[in-house]
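**Student:** Go by the hints and put chain B onto chain A.
Chains A and B, in that order, are what the protein sequence lines are.
So for the first sequence, the numbering used here puts the first residue at 1; every next one is plus one.
So for the second sequence, the numbering used here puts the first residue at 1; every next one is plus one.
Note that these hints are calculated values from the structure, not bench results.
Heads up, some of the hints might be wrong.
To be verified - Looking from chain A toward chain B, a few residues come up when the C-beta cut is under 10 Å (computed):
#	residue
1	16
2	33
3	247
4	284
5	293
What the hints assert, rightly or not - Straight-line distance between alpha carbons at most 25 Å, and here's what the computed DSS-like set of lysine-lysine pairs gives:
#	chain 1	residue 1	chain 2	residue 2
6	A	271	B	245
7	A	61	A	47
8	A	43	B	53
9	B	53	B	245
10	A	160	B	53
Note that CB positions come from ideal geometry on N, CA and C, so glycine has one too.
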Amino acid sequence: MSLTSYVLRRLFYVIPVILGVCFLIFIIFSVVSPDPTISMLGKHATKAQVLELREALGLNKPLYIQYFDIVKSAFTFDFGRSWSTKQEIFEMIKQGAIPSMTITFPAFFLSVLLSVSISLFVAFYRGTFLDKGVVFVCVALMSISSLVYILVGQWFFAFKLGLFEISGYEEGFPDVVPYVLLPIIIIIILSVGPDVRFYRTVMLDEIYQDYVRTARSKGLSERKIMFKHVLKNAMVSIITYVVLRIPFLILGSLLIESFFGIPGLGGMTLKAVNSSDFPVIKAMAVLSGIATILFNVITDVLYVVVDPRVKLN
Amino acid sequence: MATNEQESKSLWHHAWDSLMSDRTTVIAMSIVLIYSVVALLSSTGLIVSDWSKEVGPSYAPPSSEFLFGLDIFGRSVFAKTVKATEIAMSVGLVTGILTVLIGVTLGSIAGYYGGKVDEVLVWFYTTVSSIPGIMLLISIAFIVGKGLLAVYLSLGLTSWTGLFRLIRGEFIRHKDREYVQAATAIGGGDFRKIFKHILPNVFHIVIINFSLQFQFAIKSEVILSYLGLGVQGVPSWGTMINDAKLELARGNWWQLAAATAAMMVVVLAFNILGDSLRDALDPKLKGK
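Chain B on its own, in the form it takes in the complex:
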């Protein structure tokens, strides 16, 4: 007979166990963790604070002295690549949070209230998603001007549509369930029902989406840099890859290689993590 002390495992507990039992997922999580620590250390100035220092001749190729070679100003490509982690992780984090805030707020309101509110929000959603992402991205970056803020805002304000659709759908499915009716019966208000009762039940979608948004933002930063709308003054993988336009013709491949490799590893990790999270958290996929 089972004792009462033995608590049954929650969804999150199960999910954590299933994530931890997969070796690839653990590696992906470790990579994300390492990148986060590097970004944190670099933003506090503990490492690579001297990335802009000239350490040797312009465009010195990779050697035992200069691990990843040097750039046009004789700066270490390795230090720049590490420093750029900071921008990449902050772009992923900030646009991920913006996407979640907008998508979850609008999606839960539309799904929960329905009726006219829903119609207006769905109209807004259809409108925004009708303009191709890249056009919208360019337009917003254009208004805000160059720089990190433009990258944050243009990515954050354009990427919420997918999450909106998912969250709205889930709220429509959930709002008439018994547990919500029970909350109504004991006098729970709309605000309480949305955030305290329904949202935790659909939060796995938010987490999966956040992980995928993170890597999408890191990749998009490259495109914005190419369009001349990216980060200024500090190195980013986007500007480094973009610099390679002129460098490759002279055979200087190391800056492109370093930035691409650094980016690929973390984007791949987030992609794998997103997939594993979906497998672990989405009950519909259980047993497949």
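Just chain A, same shape as in the assembly:
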């Protein structure tokens, strides 16, 4: 099978999954969720008011049309307008994506760089006290709630020490730095634990392979083996792991954005949840679903391209 036909086949398989994601969102928001008009109008709304609002919001449409609308939005990206701000949702998403990525992209690159370096280092010293210590610190870091990092970071480093802005956002390059620095550091701390553990396992899997023994018997230095052989082979797993994280970079971080007052997509989603703004929540769920599906395909294709051993089946 050629690569093109493999890619086409993978893309074809995407369609039922997108329909499935839309169906799940449809079930959640159009079938089983509590009537949003009640929370929008308050307890004392009259029946006529409720009916009127339901009509205006399109909640009285037949169910199959509501499902069809979600599917349509998945392909046209026309999500309609927000119930609370009345803005075009697609415009809101375009605006929110930039602040989100201003935080997630630097955090992502730095944390990958840091985690891969640390894991190479501990894999080199595997089994020693140093290795065990680093793994323990990773697990310990993972055992603290992400909310605690945010709360303590904001209170201690921004409020008490005044090293960063407590919350807010400013557009333009130099102005934005004091606002995004702390969120970036927090994301790095949050991802270093699980990442180092994962990369370390990947590298240890490689270290026990036959080719490493061959390299060693040729008389190569341990350093050369680590950087030239192990890292190269571990790259396959590292790339797949890294690529699958990209959709989440665009989505932004719900908690961090809402705590630091960053006008990104995560904060927007959270606001929509709190105000029962269904179209916005639905749009974000559809978009993130599609992004995840597509990046899954990209990962699979990359896998084939990078590793000639993977058979196309």
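**Tutor:** For chain B alone, kept in the frame of chain A given last:
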């Protein structure tokens, strides 16, 4: 010559020995045991049943009288932290069981039967795992409403995908093995082969996953509390950490510290236990 009475050790026996020989693992197990006992005692009302009593002034800092300080209503933070163990352990246990039930059932059916059944289940799995966990979590909690039930269901219904994938893979590997063929030959039905023959051989995956799910659920409860979808009326570490949002600005750090420390210890213990279980039970890792 070996005598017949000397039975060879089973996988579980070996695993138990290897767990017990590691000091860190024993400590982790003891911590889990202590937390479980505390949760049990508190749910039966034997300890800290008076956690909601006002014992002193609002926001009294930690002192010899009030060990962990007091909260806004003058309640003991120590009693609240202990009481919250009950919620944390029940959230871990219930969502762990839900995850196992869904993941194992669907995973074994998909892997064992294959074909169209497998395709449909894999489609369902791909669909659910395509929506980012936090979005799904919020959506489900939204439907069920606030409270403990929402926490159980939203975590249980979203976390089964990892276990499904593992169990399905193992069933595919196992279903054509000789011992399953032997079971077929003596007339064993599908149900019997799935549960009596194959499942015990892949059960170590369930145990490892359960241990990791347990700590994931405890951590997620904090996020749900922050989103306003968490437990109401009884203290939980999530609500305590969430309360600190307003308290920290006034310098009241003790509630945050107590809840974080209590949570960190048990989550760390479960993480270590999960890793040790993997080392002890996964034969592929033997000798590494």
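**Student:** It remains to establish, for every hint, whether it holds in the given structure.
**Tutor:** Structure-based check of all given hints:
Evaluation of the residue 16 (chain A) hint against chain B yields a held restraint, the C-beta minimum of about 6 Å falling below 10 Å. For residue 33 (chain A), the shortest C-beta to C-beta distance to chain B is roughly 5 Å, which falls under 10 Å, so the interface hint holds. With 10 Å as the threshold, the beta carbon of residue 247 (chain A) comes within range of chain B, its nearest partner Cβ sitting at about 8 Å, so the hint holds. With a cut of 10 Å, the hint placing residue 284 (chain A) at the interface with chain B holds, because the nearest CB-to-CB distance is about 7 Å.
The beta carbon of residue 293 (chain A) comes within 5 Å of a beta carbon in chain B, closer than 10 Å, and the hint placing it at the interface holds. Using a Cα cut-off of 25 Å, the hinted pair residue 271 (chain A) and residue 245 (chain B) holds, with the two alpha carbons roughly 17 Å apart. Pair hint residue 61 (chain A) plus residue 47 (chain A) holds up; C-alpha atoms about 18 Å apart against a cutoff of 25 Å. A threshold of 25 Å between alpha carbons decides the hint, and for residue 43 (chain A) with residue 53 (chain B) the separation of about 33 Å lies outside it, so the pair is violated.
Between residue 53 (chain B) and residue 245 (chain B) the alpha-carbon distance is near 23 Å, which keeps this suggested pair within the 25 Å criterion. Taking the CA atoms of residue 160 (chain A) and residue 53 (chain B), the gap is near 33 Å; set against the 25 Å cutoff, the hint is violated.
Violated hints for the displayed structure, listed by number in ascending order: 8 and 10.
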